[in-house]
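Read off the chains here:
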Amino acid sequence: MADLLPVAAGFLPELRRALPRLAEGVLVTVEATVLGAALALVLAYALGLLSRSDRLPVRGGARLVVEFFRGTSLYVQLFWLFFALPMLGFRLEPLACAVLALGLNYGAYGAEVVRGAVAAVPRAQTEAGIALGMGAGLRLRRVVLPQAHALMVAPFKNLLVQLLKATPLLSLVTVPDLTFQIDQLRSSTGATAASYLLLLGLYFGMAVVLSLLMNALERAAKARLGQEGGA
Amino acid sequence: MPTEDREDLTARADPVAPAATADPMAPAAPAVRFDRVTKRYGDRTVLDGLDLEVGRGERVTLIGPSGSGKTTILRLLMTLERVTDGVIHLDGEPFSHMPGGSRGKLVPANERHLAVRRRRIGMVFQQFNLFPHMSVLENIVEAPVHVLGESREDAGRRARDLLELVGLGDRADARPTRLSGGQQQRVAIARALAMRPGILLLDEVTSALDPELVAEVLDVLRDVARSTDITLLCVTHEMGFARDVSDRILMFDRGRIVESGPADELLESPAHERTRAFLGSVR
Amino acid sequence: MWDGEAARAALPAVLEGFGVTVLATVPAFGVALVLGLVLALTQRAGPSWLALPVRGAASFVRSTPLLVQLFAAWVLVPSLDAPVLGVLVLGTHYATYLSEVYRTGIDAVPKGQWEACTALSLPRRRTWRAVVLPQAVRNVLPPLGNYAVSMFKETPLLSVITVHEMVHEANTFGSAHFAYLESFTLAAAVFLLASWPTSVLVRRLEARLAH
Chain A
1 MADLLPVAAG
11 FLPELRRALP
21 RLAEGVLVTV
31 EATVLGAALA
41 LVLAYALGLL
51 SRSDRLPVRG
61 GARLVVEFFR
71 GTSLYVQLFW
81 LFFALPMLGF
91 RLEPLACAVL
101 ALGLNYGAYG
111 AEVVRGAVAA
121 VPRAQTEAGI
131 ALGMGAGLRL
141 RRVVLPQAHA
151 LMVAPFKNLL
161 VQLLKATPLL
171 SLVTVPDLTF
181 QIDQLRSSTG
191 ATAASYLLLL
201 GLYFGMAVVL
211 SLLMNALERA
221 AKARLGQEGG
231 A
Chain B
1 MPTEDREDLT
11 ARADPVAPAA
21 TADPMAPAAP
31 AVRFDRVTKR
41 YGDRTVLDGL
51 DLEVGRGERV
61 TLIGPSGSGK
71 TTILRLLMTL
81 ERVTDGVIHL
91 DGEPFSHMPG
101 GSRGKLVPAN
111 ERHLAVRRRR
121 IGMVFQQFNL
131 FPHMSVLENI
141 VEAPVHVLGE
151 SREDAGRRAR
161 DLLELVGLGD
171 RADARPTRLS
181 GGQQQRVAIA
191 RALAMRPGIL
201 LLDEVTSALD
211 PELVAEVLDV
221 LRDVARSTDI
231 TLLCVTHEMG
241 FARDVSDRIL
251 MFDRGRIVES
261 GPADELLESP
271 AHERTRAFLG
281 SVR
Chain C
1 MWDGEAARAA
11 LPAVLEGFGV
21 TVLATVPAFG
31 VALVLGLVLA
41 LTQRAGPSWL
51 ALPVRGAASF
61 VRSTPLLVQL
71 FAAWVLVPSL
81 DAPVLGVLVL
91 GTHYATYLSE
101 VYRTGIDAVP
111 KGQWEACTAL
121 SLPRRRTWRA
131 VVLPQAVRNV
141 LPPLGNYAVS
151 MFKETPLLSV
161 ITVHEMVHEA
171 NTFGSAHFAY
181 LESFTLAAAV
191 FLLASWPTSV
201 LVRRLEARLA
211 H
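If you read the protein sequences in the order shown, they are chains A, B and C.
Quick note: the first sequence, position 30, residue 30 per this note's numbering, numbers continuous.
Quick note: the second sequence, position 101, residue 101 per this note's numbering, numbers continuous.
Quick note: the third sequence, position 70, residue 70 per this note's numbering, numbers continuous.
Think of the hints as simulated: they come from the structure by calculation, not from any bench.
Worth double-checking, as some hints may not be accurate.
[What the hints assert, rightly or not] Where chain A lies over chain C, by a calculated footprint (3+ residues, C-beta under 8 Å):
1) 66-74
2) 190-197
[What the hints assert, rightly or not] Computed, partial: chain A to chain C, Cβ under 8 Å:
3) 45
4) 72
5) 76
6) 80
Quantities reported herein were computed from a predicted structural model and do not represent experimental measurements.
Think of the CB as a built atom: it goes at the ideal place given N, C-alpha and C, for glycine as much as any other residue.
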């Protein structure tokens, strides 16, 4: 904190000059978050539903994939894609590496959320569907999933914030994200404390915005189930 | 969407469809026949070689102490559970099993066999089991549209008729959670009837209700029983209701039928000691 | 392609790094366990002039990236050794998660238990120590286990402040021998071998406690 005041005078003009680059950094961070989350969502549904299949090979395969990507650290996955994959002859753009790693890792965690939420819908709801002659697919689509969604939103919110918080990893594989840009600002101004405080504040702001969006989503999902005072 | 059964499910003016009429020339097969049906959970035997027949349009009430296997019979019939041994027949053909293997030997039915046939059966649950994410009307329209392939307009019109029948014509757009237990159960009855089942299963439909809400549900069911020739299988502790609607009452104990007879007779002068003791305990 | 020779050569370095990873995770989780409980109790039972700021600070730390926190601590507190600093930052970050776990666990103790304590005139301290916390422990064990596993998988971040844990070692070996494929694949395998059995144990515990 000691260097905060003396350099503040020089820091602000530097900051103003750096604003366009910071905005670019924010954009890259948001892009990685959104793309990573989209991939994770698709994988979470696919793996989560497959891991409830009646057929053992299907269920086992899905479980194996989930356990693999949960069990090997995100960092290892990212570095493997960035450093090791090219040695097998496939070179991905750094941003693509990051999106893929985030999607696979958080998709595996999300699969557990989907599986758990589907399992948490009362069995009686499925029975009501059977009593109305609905087939398995129709029951899942029209009865179980709409109710499971309301249970998924809160854990998905946590995962989404986690995913956002993991994006500074991008700067380690040369992607010019927000952390990367502010690090540049820090080295050009020497205002270490101010730079990192600003950086933490920006991430906090983004996390708050994401949380608020997800809270609104959760309230809507719960209202659809006729539960008041959600979130 | 399979629609094999549609011909006898076409819209009728009467909101509650009569049971599917059989060929008058053919000897009337019972609507339901349990043939030496056994159900075990682990090493606990709930039903032990049960034989049971329910005729078309017949109203049968199952009574007995809890755990005696009454609800299991309804759940087996609705395919919510599978039999351990024995065969359930529906309208004279195997339901829990189907011909397969060599020389037409019966094998446990697959999902497709069950899916087509169980549409003839409707069920009302103790806990209503309405879909909380759908409005009252959507609850009723859901299966006719997505299972039977009816148009939204037809299904919607019929659903409103059914809501009138159960006295909830003004609550079509309400959320189920906004309704009282008695109202929810009446919606559940309308929802089951919307599928025009030939057989309706009532599983302790008033047990989860506050005492003052029981009458409104039973009145609706009396109406349904009076105005249709639907086959009824009913598990209840409401002896007055049982007497009003049933042709026959079966007294169960430990997975076996202890006594069976016309409603008035069995309730007035039970022959069996167990029945007397049970009736004494619920009055 | 895969080079068995390089993989054999990388294994000692990766395993040494694994040792450092474990050595960092264990004390960091200890910090998280204790500090997390302090945070939870302050928010639940402390005076409101303290509870509110603590809650805000915990929420800030929980919502910002660990990597940036490590960078910031590294340059702002140069007096501490990297491993000590890493353990403290990692531990503090996870303490903010664990405080939420504790809070949920405490809230899950039925209201009737509190009312019974009031009816028995149990003092506040005794209520917490003898009635509430023992029941809360049952609620929090499975999530605590899950967080231990996930902290273990996040320890590689300490490499950015020069702690020589496993991913750091894998990276160093990979660049020195141009054997990234072998070194990072080994690192992934070691993580899988270490974290999978732990996850299975946690799930068993969860199933046992659910009854």
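Checked hints:
Counting residues of the segment 66-74 of chain C whose C-beta sits closer than 8 Å to any C-beta of chain A gives 6, which meets the bar of three, so the coverage hint holds. Counting residues of the segment 190-197 of chain C whose beta carbon lies closer than 8 Å to any beta carbon of chain A gives 4, which reaches the threshold of three, so the coverage claim holds. With its C-beta approaching chain C no nearer than about 22 Å, residue 45(A) sits outside the 8 Å limit, and its interface hint is violated. Below 8 Å, beta-carbon pairs count as interface contacts, and residue 72(A) has one with chain C at about 4 Å; its hint therefore holds.
A hinted interface residue such as residue 76(A) counts as satisfied when its beta carbon comes closer than 8 Å to some beta carbon of chain C; here the least separation is about 5 Å, so the hint holds. The beta carbon of residue 80(A) is positioned within 8 Å of a beta carbon in chain C (closest approach about 4 Å), and the interface hint is therefore held.
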